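S.K.: Now for the letters of each chain:
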Amino acid sequence: MSMDARYTPQIEPFFSRNGWIALALLSLLAFVVVPSLFVFVPDTSAFHISAYTVTLVGKIICYCIVAVAMNLIWGYTGILSLGHGLFFALGGYAFGMYLMRQIGRDGQYQSDLPDFMVFLDWKEYPWQWFGTDHIVWALLLVVLVPGLLALVFGFFAFRSRIKGVYFSIITQAMTFAFMLLFFRNETGFGGNNGFTDFKRILGFPITEPPMRAALFALSAAALIGAVLLSRHLIRSKTGRILTAIRDSETRLMFSGYNPVQYKLFVWTLSAVMCGIAGALYVPQVGIINPGEMSPANSIEIAVWVAVGGRATILGPLLGASVVNGAKSFFTQSFPEYWLFFLGLLFILVTLFMPRGIVGLVNQLRGSHK
Amino acid sequence: MLQGIKRAIGCALFAIGLGVSPAQALDADAVSGLASEDFATRMAAIDAIAASSDAAALELLQLLQNGEVYLTEDGQVILEFDEIVDAVTLEPLDPEPDFYDSVIVNNRMRSKLSTAIAALSLLSDDREVRYDSARALEDAEDPQLLPVLAKALSTESDPEIRALLVHTRAVLQLKSDDPDARLQAAEALGESNQRRVRELLAAMLQTDASGAFVEPVEEVREAAEKSVKSIDRRLLLIDHAARLFSGLSLGSILLLVALGLAITYGLLGVINLAHGEMLMIGAYATYVTQTIFRQHFPEAIDWYVVAAIPVAFVVAAAVGMVLERTVIRWLYGRPLETLLATWGISLFLIQLVRQIFGAQNVEVSNPSWMSGGVEFMNIVLPYNRIYIIGFSFFVLALMWLMLSRTRLGLFIRSVTQNRAMAACVGVPTSRVDLMAFGLGSGIAGLAGVALSQIGNVGPELGQSYIIDSFMVVVLGGVGQLAGTVYAALGLGVFSKFIEPHIGAVLTKILVLALIIAVIQKKPQGLFALKGRAAA
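Quick mapping for you: the protein sequence lines, in order, are chains A and B.
Once you know that position 178 of the first sequence is 178 in this note's numbering, the rest is easy, because the numbers rise by one and skip nothing.
With the second sequence counted from 1, adding 369 to any position gets you this note's numbering.
Same shape as in the complex, but just chain B (with noise of 0.2 Å):
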């Protein structure tokens, strides 16, 4: 049975070689090597295989790849498809012999035998193929692979290939002989952006044990050096790059975390500590309207995280509804006693959906179309993230429409400024704090949306990310929805670009202290509203 399959499979592969080209270009000599007992000239034997540079070359390297190469007792090299032929003439042999093994291929023949493989592939007609094996080339270190490279180099018109290739020739190329060459190699590879490359151009400048350099050319050390600094350059951008970007991801997922705190604590000086459990609630939405996609919909089930949006949004502002009419409305003027309160309803709440879904997590997974990165330099920007900083700006921007444009914002505004006066004036304040309260936990369960799709979705999700957005509030000041943003953002960047310098823990600790720090000066926050209506 896995016979039939290989054979189909060899078939196949053997067809597409004859397609290509002559099947006689191989050399019979190089073939019969791999014959040998000895391992160095089997070693060599796939160098001359590979030297050929043909399909039918690829072809019957991948299949001693997969140990579909066969020998005879006498030492003759065969492949088996329908009928068993020469290696070399494929002419069927006849007799069949009786009895024949595989081509011994241990693990240094096997990574020869892929660089080999990546390099012949590299002169395929399939863009895709030959990037694949560009990319897969980026960390060979055999200088054989030079001849190989020109030749591809001398038909690829690729930009993007032909980068990475003359980027391998040249780290070859540091090896070289020729101190022209290496010079030539050390000066193009201050282009570069790889550490390992920077390793290879500083091992250069090192002496070894009798004092002497390892390069023993002068001019191409002082290039060696120069690339080395170019490189430095280069790494630490990046690194400021990649970390501004997880500062930004992060802070993009306080903001949306603490923009709903803001809204609720600016308005009714209550901090809810049950907020988090409404990120928890979300990100539950999530993972039920994925299980319905999936048994209701699964052609659609790309699309599921977008029908979610609105579903978390509505359970969460429901249920933070529920919560103002029956506990937190009639705890106003007792913010401390609020403070209690919704700790008792987070606890309730997380111990309900244990109750539902049970202790573990539960699994919410990437539509396709979230998964993978995009990739700038040598790092990678993971879509899902990408698309949360794009989602926690839509929602921002949708808030501060709603706040500013309509008419529920204009009664939040008012009574945020001042509640007795509002009042006055005929805003129906109780239904607007409702409202604000359910906005507020609508906009946590849209956080929990994204939060389902970066971390893990459990009972305790919203308790790891409150305190912090709370720091969020405390730093940013309410009323404003600038200084939500700020702080958010701000706290998110400095986090990440502390946090490789003392690790995470003490990040937390310097944040914490900071944050007192600067509400020494700004007891209010940073972005406090000023004169009576801060009261």
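Next comes chain A alone, as it looks inside the complex (with noise of 0.2 Å):
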């Protein structure tokens, strides 16, 4: 039930001396030499790096920085989200209005609105897309969108104290919900097919390098903000408070303390780091579709950061990278073999390891770091 102490970190430093040292590389490799041999170097040469390789890796730091968002609310507070996937595709899609937006008339139809209003005998926008021609408000609408989705959802289910597999229940219902929402057409964004066929941001072309390998530095710097500040979060006395909710709410509690605030408070983060990373994916990616709200996404995102090892740091991330790397690998030369390693690695990684492979690696160690 309970964790062990070695989980709640007494007065830690920061990132041990290593764990500077990685992430001073990290950035260097993130910022300068990625985007370096992607768009300077020639395709001729050896330590040219290919843009599937770009886009698959800035995909997989989307992927991390939603499994940092998500190891906030389960691996330290406890809280089991079967929907992050929502904040993910709702953050996705409102990137996604100013991307159709940017279209402007190179669209199959030339019209001034996205192909799908007209192929449904639109006029005008509807509300929704309101404003979303400014990069501004639709930066806004990405962290809002899913902020206030989060708090008011949040508000309700922790007010009535809801919890455990019943709050895990309802979350993925909720995603749910959104995905049938999303798959109507009179939702205003674009049906089953979403948005695709993007082709420009601030009027510079997207699938060109430069901008690819920009997105990619973006996403790499978001990562390490989501890091450094869930680190700082966690050594935060807020944080103290997180792990207790954890460990044990009731006693929390009759000490004084009011969890609903700081359950808002973390669930509401972590949503809105969810939302920014679905907006740098989106563009990546070119393509979001109501898809991306399935359940089983939502799932899956908790069984990276299972498998990485929960309450940690560097567990989220490895979780991320292990399993969508594996996913990339299995989808291309085993297809149907992915969803019996993907159910098994569900089923092992609870069963053997339920620290992950961080906890694995420690338990290997011997050490207790």
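Hints are computed from structural coordinates only; laboratory data are not their basis.
These numbers were taken from a predicted model, which means no experiment stands behind them.
Virtual Cβ for every residue (Gly too), placed ideally from N, Cα, C.
Do not take every clue at face value.
Said to hold, decoys possible - Heads up, incomplete: computed chain A residues facing chain B, CB under 8 Å, no partners named:
id, residue
1, 157
2, 166
3, 168
4, 170
5, 188
6, 191
7, 192
8, 210
9, 212
10, 302
11, 303
12, 340
13, 345
14, 346
15, 350
Unchecked claim - Simulated restraints, written as ranges between beta carbons of each label pair:
id, chain 1, residue 1, chain 2, residue 2, range
16, A, 126, B, 701, 45 to 51 Å
17, A, 331, B, 702, 31 to 37 Å
18, A, 250, B, 767, 35 to 41 Å
19, A, 124, B, 598, 49 to 55 Å
Since each chain comes alone in its own frame, lean on the hints to assemble the complex.
M.R.: Right under this line is the structure:
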């Protein structure tokens, strides 16, 4: 039930010395090495990094941000959300609206409206699209939409002390309901095709290497920001309370704390982080559709964190990378075995690796760090 | 070859015709009208033949419909049986004509023919034939039918057929020139339950371009208005009845799915995300049973569903028990991890079924006694839905008996209420967990049998109902069957009543919002156990 004391950091340093070095190296890699190898080194060179690789890694970085967010709410606070895919997709849709606007008249029907609206014979943008031609408003939406939804949903859920599996199931129903909603054409977001065929951001073509490199670097920056933020949060007093909620909420309440506001805060923060990740993901992958909101996607997020190791700094990053790396390997080479693998991963990790890869490594090292 | 068959059929029909009445009843003038080049004359000829309302006329019209009435070059109407005969006298032609062609029947004639044939069939001796033709005439709009209807009504004694005929006659009389007839018709049609009739009556109340009422007589208008209102009330009632039925049907399925879920959740505190796959296993067990019956007991194929019930229960229960022993029991006390592990199991099972049976849906057909439906007012309640409602209450009753009357039930209740205490007094909790999990899965298997009869059977079958049934468990609370029952039926009926207004998707969202609202007041569900037992 309760986690060992070793998972609640005492007055620990922010990062160990090795941690800082790793962070510096990774930043160098993300901001300097990869972009320049991709943009400036010609394709013929052995050192050139292909657009495919940059996109794949950029995509995984976005997943890592989601995993960090999931780790905050599940790993540290002990609340398993099965709806984080929704926040991710909402962020993606919010920025996707801006991207659709940027297509301008280059769509198939040469209209001011996106193709799917022309197809539905709509004459003007519906209200949801108001202001989305301004990137600032679109970026605000990326934060506001998942944030507000999480705030309202969380307020009602936490206030009535819904917890444990109940909460998980309800978040799952929430993302399922939204998926159905977004599948409808009348909702105004392209129905089951969603958004695709993006052309440019701020007037710059989206598929050109400099833009790809910029998106990649931005994603990396967002990930580093997310890691630093969550690390800072967990070391703070708020972070202590969050772990206390996980380990014994009743005792915390008897100590005079009201867990609702803490839960609500971390839940909303986590949703916003997912929204940002979604907004970075969509321009790199080039498509967003309601499939992203399927309950399966949200559960997969949980397993990334479980595989890597909950309540650790590295765990979510490792988990998201390993699972998604395996996914792109399997879906290319043995598509029919991917579900077997994923299913077994869920079962075996929960049965035999409750502390994930990080826990396993620590165990092998025999250390308590 | 084909011609031979046609002849044989023609002969048979002809013989029947002869047996019933003398053929010379046909009016020669009317029949020769069929030979006319003029379309209107041909139409009139059909009317004239139909008006004679005897068996020979019916037979001739049927032959005409089949394109087996012919014309010689000099305009004689002939039929072709063993030999070529004149259509009126039935005398063989001598010499046989060298060249003849079918009477041309275009679409308008065809529809007139089918009405006329139906009208003539009203006089048949066979109740089924009369009933079918009365049904066929329900939508007829040709006032020329009135005399035939009157004739049929004068002899008809079957109340069901009479009602149909009276109704049809009233509809036709609405167009009558006689205001009294219209008034009577408008009054009589207040008993109707058809939207079409309502529109006809409502149309009488409209004004035309010049501002005059379509129906000039005020009295008739009043009667029509009254009838419109009464039909509206009836239609609304029927509508509600239909929704109630589909709500009950959905609710009973949710109940079947949620029963097993509620047991395992109540007992083990574990939500089994692979529960949906137990449904799928049950449905595939039904499919396999059907295949075995088709191959080995084709004569008993209608009863394969009955045989599938125990098969599905045992298979799903066995799978469930294996899962409990190998995976779930190691995770007791860690409910969130169980959620993930059972999700993994569900992915695994889906893919396994895909590999064995293919990703496509498999075909499971209703046995004959489950297809079709019983008609109520003017809606059809399908038998398979009715049986499933009955089946789910049967399962519910069994569950209730099992939980309240057997030793295992006693154990399950005791462990649900207080696991530690039950263990102290010697209840083998681990065995109870195993049995309960098997029971829950087995019931899901039964639900799978039911689902196979109303929907597609494919690897993703379980996914479509599972979230709704979780909602049932969340809403109903655990520990009591009553909670699950009320929540399942309530959600089913509520959804079906809301759906026509806001659509299926918004209904789902509304239901979710309502459930969240309900748990604001009742965090443990509507029917949670009270006191310490709930903890």
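S.K.: Would you pick out the hints that fail for this structure and give their numbers low to high?
M.R.: The structure conflicts with hints 5, 6, 7, 8, 9, 19, although it agrees with all the remaining ones.
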